[in-house]
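Student: Sequence:
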Amino acid sequence: MDALKLIRDFVSSHSDIDPESVVPDAVLADIGIDSLMLLEVMFEYEEKTGVKLPDDLPTPTTVRELMDQLEKLAPDAAQ
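Going letter by letter, the sequence shown gives residues 12 to 90 in the numbering used here.
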C-alpha cells in the first residue's frame, strides 16, 4: 500500500488541507494534521489493510515518519 497516497487521500476527503502540501518532509503540525487527525489516518489504515497498529507506536512528527511506520507494518512488508 502506498502510504503517501493513503495520507493524501485521507487529508483531501476529511479536511481543507491541500493534499499537495502533504510531502514526505512536511511537519504534520505545520500542514494542519493534529493528533486527532493522525489517529483517524491510522484507523483508516487499519481498516483498509486489516493490520492492527500497535498501541505503543511512537508519535510521528513528519509525514515521512508516519509513512515509514505504516509501510513497515504493511502486509507486503512481511513477505
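Because the hints were derived from the structure by calculation, they are not lab data. Model, not experiment: these values are computed from the prediction. Do not rely on the hints blindly, as some may be mistaken.
Taking lysine-lysine and the DSS-like style, the derived pairs with C-alpha atoms no more than 27 Å apart in a straight line are [unchecked claim]:
hint: 1; residue 1: 63; residue 2: 16
hint: 2; residue 1: 16; residue 2: 59
hint: 3; residue 1: 63; residue 2: 83
hint: 4; residue 1: 83; residue 2: 16
hint: 5; residue 1: 59; residue 2: 83
Label-pair restraints from in silico Cβ distances [as the list claims (entries may be wrong)]:
hint: 6; residue 1: 67; residue 2: 31; range: 28 to 34 Å
hint: 7; residue 1: 48; residue 2: 83; range: 17 to 23 Å
hint: 8; residue 1: 45; residue 2: 20; range: 27 to 33 Å
hint: 9; residue 1: 31; residue 2: 66; range: 30 to 36 Å
hint: 10; residue 1: 86; residue 2: 41; range: 28 to 34 Å
hint: 11; residue 1: 43; residue 2: 86; range: 25 to 31 Å
hint: 12; residue 1: 61; residue 2: 36; range: 27 to 33 Å
hint: 13; residue 1: 27; residue 2: 65; range: 27 to 33 Å
hint: 14; residue 1: 61; residue 2: 27; range: 27 to 33 Å
hint: 15; residue 1: 32; residue 2: 79; range: 17 to 23 Å
hint: 16; residue 1: 63; residue 2: 31; range: 18 to 24 Å
The C-beta atom is built at its ideal place from N, Cα and C for all residues, glycine as well.
Student: Now, for every hint given, state plainly whether the structure supports it.
Tutor: Cross-check of the supplied hints:
no., hint, result
1, 63 x 16, "holds (19 Å)"
2, 16 x 59, "holds (13 Å)"
3, 63 x 83, "holds (12 Å)"
4, 83 x 16, "holds (15 Å)"
5, 59 x 83, "holds (15 Å)"
6, 67 x 31: 28 to 34 Å, "holds (32 Å)"
7, 48 x 83: 17 to 23 Å, "holds (21 Å)"
8, 45 x 20: 27 to 33 Å, "violated (18 Å)"
9, 31 x 66: 30 to 36 Å, "holds (32 Å)"
10, 86 x 41: 28 to 34 Å, "holds (31 Å)"
11, 43 x 86: 25 to 31 Å, "holds (29 Å)"
12, 61 x 36: 27 to 33 Å, "holds (29 Å)"
13, 27 x 65: 27 to 33 Å, "holds (31 Å)"
14, 61 x 27: 27 to 33 Å, "holds (30 Å)"
15, 32 x 79: 17 to 23 Å, "holds (19 Å)"
16, 63 x 31: 18 to 24 Å, "violated (31 Å)"
Taken one by one, the earlier hints fail for this structure at numbers 8, 16, listed in ascending order.
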